[in-house]
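With the hints as extra help, turn the sequences into a complete structure.
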Amino acid sequence: MSEEVVPKSGEARCPGVSVQDLLDEDSRDVPSYLRKQSYEFLGDQDIPFERYTTKEYFDKEVENLWSRTWQWACREEHIPEPGDYYVYDIGPYSVIVMRTESGAINAYRNSCMHRGTKLKPSFSSGSSQSIRCPYHGWDWHLDGRIKSLPCEWDFPHVDKAKTDLYSVHCDVWGGFVFINLEAEPLPLLDYLNPLPEHIQSKVFEDRYIAQHIQKELNCNWKIASEAFLEAYHVMETHSQLMRTNGDANTQYDFYGDHVSRLINVAGIPSTFCEEELTEQQILDMFLVGDRDDVADELVVPEGGTARQVMAEQFRQSMAKSGQDISQVSDSEIVDSIAYFVFPNQQFFSGVSFPIVYRFRPLGMSHDKALFDLILLKPRPVGEVVEPAEPVRLKVEESYTTVPGMDPYVGHVFDQDTGNMQAAQEGAATAGKSGATLANYQEIRVRHFHETLTRYLEEI
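To get our numbering, take the position in the sequence shown, counting from 1, and add 251.
Hints in this document: simulated from the structure, not taken from any laboratory.
Each hint should be verified, as a subset may be incorrect.
Restricting the straight-line Cα-Cα distance to at most 20 angstroms, the calculated cross-link-like pairs of lysine-lysine (PhoX-like) are [as the list claims (entries may be wrong)]: (1) Lys-453 with Lys-628; (2) Lys-306 with Lys-619; (3) Lys-413 with Lys-398; (4) Lys-619 with Lys-645; (5) Lys-369 with Lys-398; (6) Lys-571 with Lys-628; (7) Lys-398 with Lys-411; (8) Lys-311 with Lys-645.
What follows is the structure, encoded as C-alpha cells:
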C-alpha cells in the first residue's frame, strides 16, 4: 500500500476545477496573460499585529512608504481643461495635480513657498487661473513658475528664480494620474510592470467615473486593503455567493515587488457548496454587468454552461451600445481579475464590472482609514462625460443608501467593511503576537508585507 504524498509547503491547492481548467473551456481565445502563473512559497511566519495597531509603525510608513511610492491621485477627466486642479491627500502629505496652460499635467506639493500655507484645501478640486496663496497672496502660474509676490521690495534675499512651487513626479496610465513624492522614483511603467503588458492602458482610458464612493472605516488602512486581497473570506462573509463563486479555486499570482493578481472565477459553485446545481440554476442566480441589461429569461443550451451564456449575453448588450467585444474571452467578462499595485490600489480589468479600489489612512490616524471605490463605465463615443462626485459614507452608513448603487452589490460591500473594525480591535487585544496566513490563498497579503518590509527597513 503506497503512502500518501504530502505536498510541500505552498503546493497544496483546493480540489476541483482550477482557473486554468475553466480557461480550457472558454468559448473564445484566451489571452496569454491569463495563462501566466507566478507563485512561490514565501514562508509561513506570522505578520506582527503591531503593524496595524501602533502609531510607531504608522510613523515609519509616513516617512518611508507614502513618500516613496506611486499612487493614483485622480483621473484625467477630473482635470480636462487648463486651470483644473485636484488635491490628493495621504497622511501629512498633500499634492495639487494641475492641468497647465499647455495641456500638460503637473503636480506640486500643496504648500506655499512663503510660510508653508496650504494653497488649496484638502480633498478639493476646481479651476483657477493661477495658484494663489490665500494667506499673503503669493501667486504662481499654472506651470509652477512664480508669478508675483506682494511687497517684493521687502524680499531682497529671495531669488524668484528659485521660488517656483516644489514639483512632484506625476505620470499617467490608463487615464489615472499617478504621483510620487520621491526625488528620483522608478519610472511609473517600470513600477507597474507587468500590469501594462497584461492590460492595455486603453481598457481604462476609454471609461469614465460613473460612481465614486468614499467610506470611512474604523481600522488601519492595511486591514481594509487586505480584505480584498483574497477570496478565502467568501464562504463565511459572503455565504450567499457560494452557489456562483469558485472562491477556494481562485488563482493567485505575484510579480516583482509591486504587483499581485487574483483570478476569482464566477459562474461555478464553491467547492464548499453542498447543493447539486444545474447550469441553468447557476445562471438564474448569476448576473454580471448592469442588471437592467439582462433579459427576462436566459436559457443554458444543451452542453453549454452558465458562464458562456452570461458572457454572450453581455457581448450582445455591449454591441447594442456600439461596443464590439465579440472576441473577448468569457473569463474577461464574467470573472474578477484584480491587479493590486503596491501600496494601496487595486484595478479590476474585467469588462463587465471594472472597478478600482484605493485605501488610505484617514488623516494621521493609524486606526482609521478611507476606502475609495470607483465604478468605471464605457465613455460614449464623441461625448464628454463629467466624472461622478464622491459620495462620502460614515462608518455606520450603508453602501445600499448611495443613489444608483445596486442593492445586491451594496450589501456585499457592507459585508466586507463590516468585518474591519472587529479585525482592528481583535488585533489590539490578541494574546498572540501576529496574524497567521494561509500559504496560497493569502499569498498576496504576505507578498504585500514582504514589500512593505523592504520599504520600511531596507533603506
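**Message:** Which constraints among the numbered hints does this structure fail? Numbers only, ascending.
**Reply:** Structure breaks hint 8 only.
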